[in-house]
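Peer 1: Chains A and B, in that order, give the protein sequences.
No gaps in the numbering here: position 145 of the first sequence is 145 in the working numbering, and each next residue is one more.
No gaps in the numbering here: position 185 of the second sequence is 185 in the working numbering, and each next residue is one more.
Keep in mind that the hints are not guaranteed to be accurate.
List time: in silico BS3-like cross-link candidates among lysine-lysine, alpha-carbon distance up to 30 Å [claimed, not checked]: (1) A:6 - A:120; (2) A:141 - A:184; (3) A:3 - A:184; (4) A:6 - B:64; (5) A:7 - B:21; (6) A:181 - B:64; (7) B:184 - A:120; (8) B:98 - A:120; (9) A:7 - B:120; (10) B:120 - A:98.
Some chain A residues near chain B, calculated using beta-carbon distances under 7 Å [to be verified]: (11) 44; (12) 95; (13) 133; (14) 138; (15) 139; (16) 171; (17) 179; (18) 196.
FYI, nobody ran anything at the bench for these hints, they're computed from the structure.
Beta carbons are placed, not taken as given, at the ideal position from N, Cα and C, and that holds for glycine.
Number of protein chains: 2
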Amino acid sequence: MAKLPKKTVERISQYRRVLAKYQTLSEPFIFSHDLASLLHLNPVQVRRDLMLLGTSGNYRNGYKVTKLLQSIDETLTIPKSTQATIIGMGRLGESLLKHIGSSPVCPVMINSTFDINPKKINTTIRGIPCYDMTRAPEIIKEQKIKIAILTLYTEDIQAIIDILIDAGIEGFINYMAGPIKIPKGIYLKEYDIRTTLEEMSYNIHN
Amino acid sequence: MAKLPKKTVERISQYRRVLAKYQTLSEPFIFSHDLASLLHLNPVQVRRDLMLLGTSGNYRNGYKVTKLLQSIDETLTIPKSTQATIIGMGRLGESLLKHIGSSPVCPVMINSTFDINPKKINTTIRGIPCYDMTRAPEIIKEQKIKIAILTLYTEDIQAIIDILIDAGIEGFINYMAGPIKIPKGIYLKEYDIRTTLEEMSYNIHN
């Protein structure tokens, strides 16, 4: 299958979550317009996305939910799931570990975490080992970790990012305020709540 | 001043954070191209943004940092700061409260939180009161709270959102997976890490 557009992947991931709930119904069929309405999307767009997945529904019943879920799984889930890590195991890091771990359909696995706090280093948090930050390059290489979730506040964030990219990280989710510089081909999602609050506050008042 | 475009507001908020650090230097001047480079932006764009703020630099020294910060504060900070609340005071809620509270320049104030856990209700967490969820409509109206940060997982999230909008909430930051339906004129920022992880994993492998 050709590489799907970014926005399509995002929507397909949302379809999966809605369909996973639907699956428990006694008649697990869904119409594209119902799926669209549940996610507040355009029905035409949803039908186009589902076509890209190679599934088709019928006029009487719509799409079979289990079949739809299966093709989404085949598209989104990489046979060998992606390894990810959390850098910074304070309250935020731990709550994210719990949240991600509780998701049955997520194709990403947190297999290690890192911190600088001696009380956390060499313990396991929710069953996942927490290592000394200084060991990050070695462990990331060894375990082929591809995604780093950054929850630590430090002035040296750029230095840490450069080291992590060298070790093999290809995607960052950053919960702290930037600025961060990443080279082409590396993915970055900013989850900086303070910038979001400022923006929202401005928009509400203007 | 006319309403600034969304992306401009986002950048101006980032300028402020970089400039706040610069302020402590002995020679607090900055060139637009240095500011651009620190944030990995186009220098032309930065100059355009600063012009919109009504500030000008000079060729020899660039922009005076304190003056620039002052005009950003005048633009972004509403005289009466925006009131916000966190719905759900688990680990994630508490870590966000700590993070937002530690920001000296954020024009948004968390003045209350809500939970359904009897152990948390009617206590104060980091100095901020935590109320019973059922009192949310009353307190949001009374205190003119405009932004709600959602960290709770519930099947009834839509019902809660409808109630919060009725009470006066105009902006949501949602840390849990949707789908959420919001009417026009209400702001929503999705911070759903599971969808982001799936997307990133797909992009890295394709």
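Peer 1: Has the given pair, residue 181 of chain A with residue 64 of chain B, been kept, meaning a C-alpha gap of at most 30 Å?
Peer 2: holds, 25 Å
Peer 1: Between residue 3 of chain A and residue 184 of chain A, does the CA-CA distance stay at or below 30 Å?
Peer 2: Roughly 18 Å between the alpha carbons, so the hint for residue 3 of chain A and residue 184 of chain A holds.
Peer 1: Could you check if residue 95 of chain A really has its C-beta closer than 7 Å to a C-beta on chain B?
Peer 2: It holds, given that the least Cβ distance between residue 95 of chain A and chain B is near 4 Å, below 7 Å.
Peer 1: Regarding the pair residue 7 of chain A and residue 21 of chain B, is the alpha-carbon distance no greater than 30 Å?
Peer 2: At roughly 36 Å apart (the allowed maximum being 30 Å), residue 21 of chain B and residue 7 of chain A break the hint.
Peer 1: Residue 6 of chain A and residue 120 of chain A were given as a pair; does the straight-line alpha-carbon distance stay at or below 30 Å?
Peer 2: violated, 37 Å
Peer 1: Does residue 133 of chain A pass the interface hint, meaning its C-beta sits closer than 7 Å to a C-beta of chain B?
Peer 2: For residue 133 of chain A, the interface hint is violated, since the closest Cβ of chain B sits about 19 Å away, which is over 7 Å.
Peer 1: Verify the proposed pairing of residue 6 of chain A with residue 64 of chain B, using a straight-line Cα cut of 30 Å.
Peer 2: violated, 41 Å
Peer 1: Let me know if the C-beta of residue 138 of chain A comes in closer than 7 Å to any C-beta of chain B, holds or violated.
Peer 2: violated, 21 Å
Peer 1: Quick one, are residue 98 of chain B and residue 120 of chain A close enough, alpha carbons at most 30 Å?
Peer 2: The hint holds at about 20 Å.
Peer 1: Restraint: residue 44 of chain A near chain B, CB-CB cut 7 Å. Satisfied or not?
Peer 2: violated, 18 Å
Peer 1: Minimum Cβ distance from residue 171 of chain A to chain B below 7 Å?
Peer 2: Since the shortest Cβ distance to chain B is 4 Å, the answer is holds.
Peer 1: Are residue 7 of chain A and residue 120 of chain B close enough, with their CA atoms no more than 30 Å apart?
Peer 2: violated, 39 Å
In the structure shown, a violation is registered for the earlier hints numbered 1, 4, 5, 7, 9, 11, 13, 14, 15, in ascending order.
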